[in-house]
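Trainee: Chains as they are written, first to last, in the UniProt record's numbering: chain A, 1 to 242; chain B, 1 to 419.
By construction, these hints were calculated from the structure, which means they are not laboratory data.
Every residue gets a Cβ at the ideal spot worked out from N, C-alpha and C, and that includes glycine.
Careful, some of the hints might be misleading.
Said to hold, decoys possible - Label-pair distances were calculated between CB atoms; the ranges are:
1. A:R62 / B:L205: 53 to 61 Å
2. B:T207 / A:T174: 44 to 52 Å
3. B:E110 / A:G80: 24 to 32 Å
4. B:P357 / A:V190: 24 to 32 Å
5. B:D296 / A:T166: 46 to 54 Å
6. A:E52 / B:I402: 19 to 27 Å
Stated by the list, open to error - Rough simulated footprint, nothing fancy, chain A against chain B, three-plus residues with beta-carbon under 8 Å:
7. 97 to 104
8. 119 to 125
9. 152 to 164
10. 345 to 354
Said to hold, decoys possible - Derived, one-sided and incomplete: chain B residues facing chain A with beta-carbon distance under 10 Å:
11. I138
12. G139
13. L142
14. F233
Residues per chain are reported as follows:
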Amino acid sequence: MPGQNIRRSFDQELRSLANQIGAMGGHAERMVEQAVGALVSGDTELARIVIENDAFLDLKEREIGENAVAIIAKRQPMAGDLREIVGAIRISSDLERVGDLAKNIAKRVAAIAEVRQPTQLFRGISALSDLALAQLKEVLDAYASRLPDKISFVRDRDEDIDAMYTSLFRELLTYMMEDPRNITACTHLVFCAKNIERVGDHATNIAETVYHIITGATLPAERPKEDMSHRVTAPGSVQKGG
Amino acid sequence: MKEREMQPSWLETAAGRLRRNRVLLAAAAASLLAVDLFLGGRGIAAMLAVAFVLAVAVLLPEREGEGKPNATGRNGTEQAGALSAVDLAAVVQDPLYIFDRTGAVLHANEAATLAFGPIAPGGSLQLKFRAPEIHAFIGHVLEGKEAPPAIDYIERVPFERAYRVAAMPIGGEGGLYVLLFRDQSEARRIDRMRTDFIANASHELRTPLASIAGFIETLRGPARNDAKARDNFLQIMQKQTARMARLIDDLLSLSRLEAKPYVRPTERVDLGRLLREVSDSLSHLATETGVAIKLDLPEAPLEVTGNRDELVQVFANLLENACKYGSSGGRVTLQARREKPGAETAVTVTDFGPGIPQEHIPRITERFYRVDVETSRAQKGTGLGLAIVKHILTRHGARLSIRSKVGEGSSFTVYFPPG
Ligand SMILES: Nc1ncnc2c1ncn2[C@@H]1O[C@H](COP(=O)(O)OP(=O)(O)O)[C@@H](O)[C@H]1O
Ligand SMILES: [Mg+2]
Chain A
1 MPGQNIRRSF DQELRSLANQ IGAMGGHAER MVEQAVGALV SGDTELARIV
51 IENDAFLDLK EREIGENAVA IIAKRQPMAG DLREIVGAIR ISSDLERVGD
101 LAKNIAKRVA AIAEVRQPTQ LFRGISALSD LALAQLKEVL DAYASRLPDK
151 ISFVRDRDED IDAMYTSLFR ELLTYMMEDP RNITACTHLV FCAKNIERVG
201 DHATNIAETV YHIITGATLP AERPKEDMSH RVTAPGSVQK GG
Chain B
1 MKEREMQPSW LETAAGRLRR NRVLLAAAAA SLLAVDLFLG GRGIAAMLAV
51 AFVLAVAVLL PEREGEGKPN ATGRNGTEQA GALSAVDLAA VVQDPLYIFD
101 RTGAVLHANE AATLAFGPIA PGGSLQLKFR APEIHAFIGH VLEGKEAPPA
151 IDYIERVPFE RAYRVAAMPI GGEGGLYVLL FRDQSEARRI DRMRTDFIAN
201 ASHELRTPLA SIAGFIETLR GPARNDAKAR DNFLQIMQKQ TARMARLIDD
251 LLSLSRLEAK PYVRPTERVD LGRLLREVSD SLSHLATETG VAIKLDLPEA
301 PLEVTGNRDE LVQVFANLLE NACKYGSSGG RVTLQARREK PGAETAVTVT
351 DFGPGIPQEH IPRITERFYR VDVETSRAQK GTGLGLAIVK HILTRHGARL
401 SIRSKVGEGS SFTVYFPPG
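Start from the sequences, fold in the hints, and give me the full structure.
Mentor: See the structure below:
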């Protein structure tokens, strides 16, 4: 049946698009992980590698865009298929931004490594990045599983990340006030924390796109915010288990 | 329902083929065996696979010989004797995926779903496993390029897991492949602990060494002619060397414990006598820290099976901690009892000091873990005491229970098994 064959090779094209998103996602996750790792251990060599690796994401984003356009032109897809393709373009641009953020963190490693910092300064940053990475992983896994109910948790995570960022920000301010020699490093660290928090924002964007791809609807509006003033997210609250 | 719509029809064809194709089975089993060997499989797993292939080989012709009464053929429903790759995957304990030439997942076994969560049927394997190494590895397999037989794959969030991963084509021209994971997390964790341990130990030794070196320099330089300072410094240096000696003793103690092959001790030890001795040996420390040790021991002998010297070490460590960290309570109690013959024997060391915050309790038996590094240092602690205690108790088949309330004190109870 020719119709079936066309569908089949179309499916293959879509899958190859998904494979490419996978490559970008894996790369972006790795860059964030390594950038924060380099920051914590003061590893300028690793930071340099992260900065170099960013080019891969730029290239992939362009490639995915071109492929997507070619598929649209050739197949003139409708509804679900079109959502799938346009969604891939959007996800790839979010992932490209995640790479930029990781690169920005990596660029600050040298400046911070110059003045050796007490390790406690980094503990919060590591925990924050664990949260953001877990969120990004969850979202991309949901994309692979195509289960929309896995996505609604992303918002909660986002709140955790915001709360943690706020507490980290306060902590860094305290260090600055305690000892003026900490100011330069802490300023860089505040920017790093901000970058990590924004990785979380991009994960949320991707969640919305994935939800739309799967269901054709928009992610249900946020629940009314409770008073968050009593809420504390401890650095160790990332779920451990196994 | 949306999903079903989107599930392409070729997938059903492929899945049906997977379900029906008997020829595949032997090849798949053989591949699994090969993959298992690549992963450095333990002989048992490999043997199981062989046994499985043999069993199937025996079963198949027999069932076919029975005729085809319940063979429904084309609809893809159960066909007599048609054990499939899916059935085979189900008996594999390690996570396993079957995927096609385009990287679409056709089947994930239960272990895979448990370990990595669900993946959409027909979904992209490279989207699910996207870390650069494994993405490239799968890519190589799909393109039929030379790939290493197996790679290491580590997931870091939400918690760390390490796997050895192998991939293989199954069924020759079938265009199907299998990806198999072997969990290496435990081995990795032990490895990591070992390196951490060495790093910690050298750090612990370097601190007093650096301070001694500093004092020597001062003594030879600025304080050369200052008799009072000299005496002061020498005293500190003596303390530091004592601490280092202690640390080395503790380290040796631990490594001896680890080197000994696992044998349950067989001596009979009277706990009453042993605890009195321990208490006597620490009376000096108790006076120094201002605590009174109260004994609550039965008159009659209270025997357990154990190694005398090791048990002395256990209770000396617990009592010493109580005297040092719980000194503000002014007293420490040491109690031993067995509710009735044939029951567990419990020895409890209780202090009435500051207590240990809840979140630290699960961790204080770790090597070098201290609630407060400064206090421990000031008390000539090495951070190894409770690690040694735990090690010894494990060998004795005994367990340690820690209860503490901040502001009220702590109690450490050792339970010996009956007998
Ligand atoms: N009875 C106790 N009360 C309060 N803290 C304790 C008590 N026993 C142990 N600890 C805490 O546990 C830590 C580990 O104890 P240990 O392994 O014996 O090492 P060390 O005594 O050499 O520091 C101590 O540093 C202390 O912080
Ligand atoms: Mg101790």
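Trainee: Does each hint fit the structure? Answer for all of them.
Mentor: Hints versus structure:
no.: 1; hint: A:R62 / B:L205: 53 to 61 Å; verdict: holds, 55 Å
no.: 2; hint: B:T207 / A:T174: 44 to 52 Å; verdict: violated, 27 Å
no.: 3; hint: B:E110 / A:G80: 24 to 32 Å; verdict: holds, 30 Å
no.: 4; hint: B:P357 / A:V190: 24 to 32 Å; verdict: holds, 29 Å
no.: 5; hint: B:D296 / A:T166: 46 to 54 Å; verdict: holds, 51 Å
no.: 6; hint: A:E52 / B:I402: 19 to 27 Å; verdict: violated, 50 Å
no.: 7; hint: 97 to 104; verdict: holds (count 3)
no.: 8; hint: 119 to 125; verdict: holds (count 5)
no.: 9; hint: 152 to 164; verdict: holds (count 5)
no.: 10; hint: 345 to 354; verdict: violated (count 0)
no.: 11; hint: I138; verdict: holds, 9 Å
no.: 12; hint: G139; verdict: holds, 8 Å
no.: 13; hint: L142; verdict: holds, 9 Å
no.: 14; hint: F233; verdict: violated, 28 Å
In this structure, the hints that do not hold are numbers 2, 6, 10, 14, in rising order.
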